[in-house]
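K.L.:
Quick mapping for you: the protein sequence lines, in order, are chains P and G.
Quick note, the first sequence lines up with residues 1 to 287 if you use this note's numbering.
Quick note, the second sequence lines up with residues 1 to 287 if you use this note's numbering.
Don't take each hint at face value.
Heads up, the list lumps identical chains together, so a pair's fine if it works in one copy or across two of them.
[Stated by the list, open to error] Here are the simulated lysine to aspartate or glutamate pairs, EDC-like style, with alpha carbons at most 16 Å apart:
| id | residue 1 | residue 2 |
| --- | --- | --- |
| 1 | Lys20 | Glu229 |
| 2 | Lys253 | Asp243 |
| 3 | Lys235 | Asp280 |
| 4 | Lys235 | Glu55 |
| 5 | Lys79 | Glu105 |
| 6 | Lys81 | Asp62 |
| 7 | Lys81 | Glu262 |
| 8 | Lys81 | Asp113 |
| 9 | Lys235 | Glu254 |
| 10 | Lys235 | Glu259 |
| 11 | Lys20 | Asp44 |
| 12 | Lys85 | Glu110 |
| 13 | Lys81 | Glu134 |
| 14 | Lys49 | Glu151 |
| 15 | Lys235 | Glu134 |
| 16 | Lys74 | Asp200 |
| 17 | Lys74 | Asp44 |
| 18 | Lys235 | Asp44 |
| 19 | Lys253 | Glu266 |
| 20 | Lys74 | Glu105 |
| 21 | Lys79 | Glu229 |
| 22 | Lys49 | Glu60 |
| 23 | Lys246 | Asp200 |
| 24 | Lys235 | Asp250 |
| 25 | Lys137 | Glu162 |
| 26 | Lys85 | Glu56 |
| 27 | Lys81 | Glu259 |
Honestly, the hints are just simulated from the structure, not real lab data.
Protein chains: 2
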Amino acid sequence: MNITIVGLGNIGGSFALSLKENAAEHDVYAIDVDSNALRSAEQDGVIIKGFTQPEEILPETDLVIFAVYPLLLKSLIEKYKPYLKSDVVLTDVTGIKRSIIGQIEPLLPESADFIFGHPMAGRENRGLKYASGEVFKGANYLFTLTGRNREPNIRMLSSLIERLGFRNVSAVTPEFHDDVIGFTSQLTHVIALSLINSDDVERNTKQYTGDSYRDLTRITNINENLWPELFIMNKDYLVDHIDRFKSQMDLLKEAIEAEDIETMQEMMVEARRRYHDLHDLELPESD
Amino acid sequence: MNITIVGLGNIGGSFALSLKENAAEHDVYAIDVDSNALRSAEQDGVIIKGFTQPEEILPETDLVIFAVYPLLLKSLIEKYKPYLKSDVVLTDVTGIKRSIIGQIEPLLPESADFIFGHPMAGRENRGLKYASGEVFKGANYLFTLTGRNREPNIRMLSSLIERLGFRNVSAVTPEFHDDVIGFTSQLTHVIALSLINSDDVERNTKQYTGDSYRDLTRITNINENLWPELFIMNKDYLVDHIDRFKSQMDLLKEAIEAEDIETMQEMMVEARRRYHDLHDLELPESD
Chain P
1 MNITIVGLGN
11 IGGSFALSLK
21 ENAAEHDVYA
31 IDVDSNALRS
41 AEQDGVIIKG
51 FTQPEEILPE
61 TDLVIFAVYP
71 LLLKSLIEKY
81 KPYLKSDVVL
91 TDVTGIKRSI
101 IGQIEPLLPE
111 SADFIFGHPM
121 AGRENRGLKY
131 ASGEVFKGAN
141 YLFTLTGRNR
151 EPNIRMLSSL
161 IERLGFRNVS
171 AVTPEFHDDV
181 IGFTSQLTHV
191 IALSLINSDD
201 VERNTKQYTG
211 DSYRDLTRIT
221 NINENLWPEL
231 FIMNKDYLVD
241 HIDRFKSQMD
251 LLKEAIEAED
261 IETMQEMMVE
271 ARRRYHDLHD
281 LELPESD
Chain G
1 MNITIVGLGN
11 IGGSFALSLK
21 ENAAEHDVYA
31 IDVDSNALRS
41 AEQDGVIIKG
51 FTQPEEILPE
61 TDLVIFAVYP
71 LLLKSLIEKY
81 KPYLKSDVVL
91 TDVTGIKRSI
101 IGQIEPLLPE
111 SADFIFGHPM
121 AGRENRGLKY
131 ASGEVFKGAN
141 YLFTLTGRNR
151 EPNIRMLSSL
161 IERLGFRNVS
171 AVTPEFHDDV
181 IGFTSQLTHV
191 IALSLINSDD
201 VERNTKQYTG
211 DSYRDLTRIT
221 NINENLWPEL
231 FIMNKDYLVD
241 HIDRFKSQMD
251 LLKEAIEAED
261 IETMQEMMVE
271 ARRRYHDLHD
281 LELPESD
């Protein structure tokens, strides 16, 4: 089938590379405003052809993958609507679902099937030059199904996604998605930002860091044009997760102040149990 | 010279491996209560000989590296004192300095020179079997000098540490050490513990995680027999860092609640600047 990727940045480029490597029977095209990126991808053989004018390729496209900023999606759908092929399948990669689905669904032509998706494979570096099919391997993928989605299309898209190397491909409600992503992705970014910004820059901290500080601040190389809107679109869940996190932190702080070793040890044993569960590891005997 | 490593766990074992690889002219011995670990290290050629009785090797030892739990250090010094060679140099690897130095210095024989040190190369896995000289490469090292330390010994030890692959070897005051480590190491562990323990375990979160959650929780595979005492010994600085972090987090939370995109973007731009400084990277033009 013909697949068109809209937005040939980091995620869109990674889709193109991964499709070429793992599902080469499909013909992959791209739409982008940046004609240099399109020419570069054509020359590298990553896409067959790139277009700046969507009407030149959309009428022949069976699957459209939108890899664009969330706030762009609505205007693109409005613009692309007249050119979409009948029975086209569309999907996206945006990190927040309730408000996106609410914006997009009313705009869709009757025959179009938009299956909203979220590959949990971000990278801290932006742009096509950092794209890689490798980042998808073993990563999680979430679909948020709606009443409109058709079973054969869901199966086709899930199967394609699995071939790209994703491991856990789950279908959840938009509410569940936004809740859990508010925790695993948005809260972690809030924490990392708050950590690096609470540093005393006068002391040249980088001479005194270990792996832990580098780990906890890696995601602070953040795209300020994307994340504020993600935070705002999910602020109910996100603020709730921030508050839950702060409550846990206060319990630990109180134990430290009270020199309550037993409580601290209980928290650490519980954390270690969760760490092992997260990584599917056997919990060793305590030493 | 003769070097004896006390405690052949993860850090002690890494010292032994790294000394063998990078400073093979020295004779390396070890003291441990675990005779199996000693035999195993002897058989692998990582140490010349291991001892469970310290008096059998201390009188011939020029440099003692204590790689033991902080609370053990005082009792070991009391026990080892009669057997220490005249003009012996001692060092440690404990993550907290003010209280350790306060406990140890009064016990030392006149001729012994204890140069307190902290290799910032922890690993989440415990024990000799995870030891590796590789973890030292490019890592930071802090010495906390006291008025007793002698210049030739400082030079000897610093030079040895640099040969093991450490990059930034700094000498700082015990107060500065405990302050900055309270931030880069202890606060990060408090955050990671609070994050993983604020998860809702019912929802099987691991199916919905990306790199960011795995990064921020890696250090939760924590040793509950070590960390509570480290937290307590540094609680003044640590609680201060927790409070500063919480203030930053509250500022970001307020901006999210107020949908204040401009403030969020300022915080993200500042964080990204700090990220690039931390990794010695050029800050790219904003896109």
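K.L.:
Give a verdict on every hint.
P.N.:
Structure-based check of all given hints:
1. Lys20 - Glu229: neither (32 Å within a copy, 53 Å between copies)
2. Lys253 - Asp243: Result: close both inside a copy and across copies, 15 Å intra and 9 Å inter.
3. Lys235 - Asp280: So Lys235 and Asp280 fail the 16 Å test inside a copy (31 Å) and across (34 Å) alike.
4. Lys235 - Glu55: neither (36 Å within a copy, 64 Å between copies)
5. Lys79 - Glu105: within (15 Å within a copy, 75 Å between copies)
6. Lys81 - Asp62: Intra 14 Å, inter 79 Å, cutoff 16 Å: intra-copy only.
7. Lys81 - Glu262: neither (62 Å within a copy, 33 Å between copies)
8. Lys81 - Asp113: within (12 Å within a copy, 78 Å between copies)
9. Lys235 - Glu254: between (28 Å within a copy, 11 Å between copies)
10. Lys235 - Glu259: between (35 Å within a copy, 9 Å between copies)
11. Lys20 - Asp44: within (11 Å within a copy, 47 Å between copies)
12. Lys85 - Glu110: Answer is within: at 11 Å inside a copy they meet the 16 Å cutoff, but 87 Å across does not.
13. Lys81 - Glu134: neither (33 Å within a copy, 56 Å between copies)
14. Lys49 - Glu151: neither (30 Å within a copy, 68 Å between copies)
15. Lys235 - Glu134: neither (32 Å within a copy, 43 Å between copies)
16. Lys74 - Asp200: Answer is neither; intra-copy 41 Å and inter-copy 33 Å both fail.
17. Lys74 - Asp44: Neither: 31 Å inside a copy, 64 Å across copies.
18. Lys235 - Asp44: neither (41 Å within a copy, 56 Å between copies)
19. Lys253 - Glu266: within (14 Å within a copy, 29 Å between copies)
20. Lys74 - Glu105: Only inside one copy: Lys74 and Glu105 sit 10 Å apart there, 68 Å across copies, limit 16 Å.
21. Lys79 - Glu229: neither (22 Å within a copy, 62 Å between copies)
22. Lys49 - Glu60: within (13 Å within a copy, 74 Å between copies)
23. Lys246 - Asp200: Only across copies: Lys246 and Asp200 sit 14 Å apart there, 22 Å inside one copy, limit 16 Å.
24. Lys235 - Asp250: between (22 Å within a copy, 14 Å between copies)
25. Lys137 - Glu162: Answer is within: at 9 Å inside a copy they meet the 16 Å cutoff, but 38 Å across does not.
26. Lys85 - Glu56: within (12 Å within a copy, 84 Å between copies)
27. Lys81 - Glu259: neither (63 Å within a copy, 31 Å between copies)
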